[in-house]
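Undergrad: Each chain is listed here by its residues.
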Amino acid sequence: MLTIKNLHATVADKPILKGLSLRISAGEIHAIMGPNGAGKSTLSYVLGGRPGYEVTEGSVDFDGQDLLDMEPHERAAAGLFLGFQYPVEIPGVSNVQFLREALNAQRRARGEEPLSGGEFLKVAREKAALLRMDMDMLKRPVNVGFSGGEKKRNEMVQMGIIDPKLAILDETDSGLDIDALRTVGDGINSIMRRPDKAVLLITHYQRLLDYVQPDFVHVLAAGRIVKSGGPELARELEAHGYAEIAA
Amino acid sequence: MTIATLPSRRDEAWRYSDIDAVTAAWPLPAPESIIVPAGGKFARAIVQDAGEIRQVELVLGKGAVASLHVLNIGGAYGRIELAVTLHEGADFHLGAAQIGGGEQNLEIVTTITHAEPGATSRQVVRSVLGGTATGTYLGKVAVARDAQQTDSAQDVKAMLLNRSATANAKPELEIYADDVKCAHGCAIGELDPMALYYLQSRGIPPGEAKKLMLQAFVAGVFDGAEDEARLQELALAKLGELV
Numbered sequence: 000m001l002t003i004k005n006l007h008a009t010v011a012d013k014p015i016l017k018g019l020s021l022r023i024s025a026g027e028i029h030a031i032m033g034p035n036g037a038g039k040s041t042l043s044y045v046l047g048g049r050p051g052y053e054v055t056e057g058s059v060d061f062d063g064q065d066l067l068d069m070e071p072h073e074r075a076a077a078g079l080f081l082g083f084q085y086p087v088e089i090p091g092v093s094n095v096q097f098l099r100e101a102l103n104a105q106r107r108a109r110g111e112e113p114l115s116g117g118e119f120l121k122v123a124r125e126k127a128a129l130l131r132m133d134m135d136m137l138k139r140p141v142n143v144g145f146s147g148g149e150k151k152r153n154e155m156v157q158m159g160i161i162d163p164k165l166a167i168l169d170e171t172d173s174g175l176d177i178d179a180l181r182t183v184g185d186g187i188n189s190i191m192r193r194p195d196k197a198v199l200l201i202t203h204y205q206r207l208l209d210y211v212q213p214d215f216v217h218v219l220a221a222g223r224i225v226k227s228g229g230p231e232l233a234r235e236l237e238a239h240g241y242a243e244i245a246a
Numbered sequence: 000m001t002i003a004t005l006p007s008r009r010d011e012a013w014r015y016s017d018i019d020a021v022t023a024a025w026p027l028p029a030p031e032s033i034i035v036p037a038g039g040k041f042a043r044a045i046v047q048d049a050g051e052i053r054q055v056e057l058v059l060g061k062g063a064v065a066s067l068h069v070l071n072i073g074g075a076y077g078r079i080e081l082a083v084t085l086h087e088g089a090d091f092h093l094g095a096a097q098i099g100g101g102e103q104n105l106e107i108v109t110t111i112t113h114a115e116p117g118a119t120s121r122q123v124v125r126s127v128l129g130g131t132a133t134g135t136y137l138g139k140v141a142v143a144r145d146a147q148q149t150d151s152a153q154d155v156k157a158m159l160l161n162r163s164a165t166a167n168a169k170p171e172l173e174i175y176a177d178d179v180k181c182a183h184g185c186a187i188g189e190l191d192p193m194a195l196y197y198l199q200s201r202g203i204p205p206g207e208a209k210k211l212m213l214q215a216f217v218a219g220v221f222d223g224a225e226d227e228a229r230l231q232e233l234a235l236a237k238l239g240e241l242v
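Chains as they are written, first to last, in numbering that gives the first Met the number 0: chain A, 0 to 246; chain B, 0 to 242.
These aren't lab readings, by the way, just hints derived from the structure by calculation. Small disclaimer: the values here were computed from a predicted structure and weren't measured. No residue lacks a Cβ here, since even glycine has one placed at the ideal position from N, Cα and C. Warning: the hint list may mix true and false statements.
[As the list claims (entries may be wrong)] So these bits of chain A aren't anywhere near chain B, every CB distance computed over 10 angstroms:
# : residue
1 : Val95
2 : Lys121
3 : Glu149
4 : Lys164
5 : Val225
[As the list claims (entries may be wrong)] Cβ-to-Cβ under 8 angstroms is the rule here; a few derived chain B residues that face chain A:
#  : residue
6  : Leu5
7  : Phe41
8  : Ala42
9  : Gly74
10 : Cys185
11 : Pro192
12 : Met193
13 : Ala194
14 : Tyr196
15 : Ser200
16 : Arg201
17 : Gly202
18 : Ile203
19 : Glu207
20 : Met212
21 : Ala218
Produce the complete structure using the sequences and hints provided.
TA: Here is the structure:
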């Protein structure tokens, strides 16, 4: 589904990714772990097409399309979802309005019929319940006045409504308490653990991986993947730290 | 507000104006005069979409309530000038938006005179400017010597879509009473690039994302207007031309 080859990227002319390669197939959940400054968030933003993140070398193929050649909204319509580490507040725009516009823009881009207001609300209600989010919060402006945990849960509600093929979740576990972590983990499993979908989890800690069992774990250090393995690698990292494993 | 001689840029109330356009329109017709009697209610929406200079004088009698909603969008030069006089306990509300692109020069100029005690005035003004457009808000609040317990507020924000656009905002307070509240706030900014990226990352094309954010920026000013749906629709169509 996603093939990254020898990816190099700079932010403000500073090289951050230095030859990263990774292959994710449908039905797989991958976790990328790594120390601060390794390039984890840069990887997620490069894949999401954020302005200012410049690819200098390498390629990314997403379901047969050149991902790097697409605008951020085109990547979304192609089935890519980026869960933000710091979800953005948008005063004056309600969650419901935002998500309906987003979903219908994607559907139109794929040549599908837009959902009516009623059809949309039905989906939104179902996903909000799954993530234990109050419908009232969906009517409020996007992320405005939400706690850190509520923002992360809102990201997962969005993911549920948009129903992507590939989700890249950047530190979705940070800022969550134990109960919220379990809810979010259950949400990821029920929305994304399907034979035709894939997930790339970016995280510092083992915690989330207790709830969302990865098929593959990769260690990112200094802009490259330095080690790959199964779920046991995450436990090894937790026990011994990055310094020893990445060395 | 009636002035006998052609203004120049040396006149404070016309310093950002398109003097050539003013000269071409000179002499101006007499201002429209509206008197709301004591205890009366008045509401009006003004849409300036033809490049005119509109002058309105509004007098609110004791305890009268008036709300004006203004959309200033049309023509190379469009000016809306309001002179409002408030008698005891009167209440005035202005919700205004001006949206301009290209080389448009749009102005909203207000003078609110609190002539007697206990009156309230609220002004909410939002400008969205693209191209090399100029948007100006000059808001004077004058409080007479015995107009105690005056409560007045000006909330003014402008959004620049290009660095080549210009927003001018000037509150002016002239207060002769000593027990008054006159609040004024002003901010000029640009669309948050991270918020735009967030919207796009969910599948909304760039133009639509900008429109959604600008719509949210402007929307509140027309709450409760006489003709709210029409004003929103006209504003949205104009925003659509800018993004």
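Undergrad: Tell me if B:Glu207 is really an interface residue toward chain A, meaning its C-beta lies closer than 8 angstroms to one of theirs.
TA: At 7 angstroms from the nearest chain A Cβ, B:Glu207 passes the 8 angstroms test, so the hint holds.
Undergrad: Taking C-beta pairs only, is A:Val225 more than 10 angstroms away from all of chain B?
TA: holds, 28 angstroms
Undergrad: At a threshold of 8 angstroms, is the proposed contact between B:Leu5 and chain A supported by beta-carbon distances?
TA: Violated. Min distance 41 angstroms.
Undergrad: Is it correct that the beta-carbon of A:Lys121 has no partner in chain B closer than or equal to 10 angstroms?
TA: Fine: 19 angstroms to the nearest Cβ keeps A:Lys121 off the interface.
Undergrad: Less than 8 angstroms between beta-carbons is the criterion; does B:Ala42 satisfy it with respect to chain A?
TA: violated, 24 angstroms
Undergrad: Minimum Cβ distance from B:Phe41 to chain A below 8 angstroms?
TA: Violated. Min distance 28 angstroms.
Undergrad: Can the hint on B:Arg201 be confirmed by a CB-to-CB distance to chain A that is less than 8 angstroms?
TA: holds, 4 angstroms
Undergrad: Taking 8 angstroms as the limit, does the beta-carbon of B:Ala218 come near enough to a beta-carbon in chain A?
TA: Check passed: Cβ of B:Ala218 comes within 6 angstroms of chain A, closer than 8 angstroms.
Undergrad: The hint names B:Ala194 as touching chain A; please verify it with the least Cβ-Cβ distance against 8 angstroms.
TA: holds, 5 angstroms
Undergrad: Should the hint that B:Ile203 touches chain A count as held when the rule is a Cβ pair under 8 angstroms?
TA: Result: holds, 5 angstroms to nearest chain A Cβ.
Undergrad: Just checking, A:Lys164 versus chain B, shortest CB gap more than 10 angstroms?
TA: holds, 13 angstroms
Undergrad: Please verify that hint: B:Pro192, Cβ, nearest Cβ of chain A, below 8 angstroms or not.
TA: holds, 7 angstroms
Comparing the model with each earlier hint shows violations of hints 6, 7, 8, 9 and 10; every other hint is respected.
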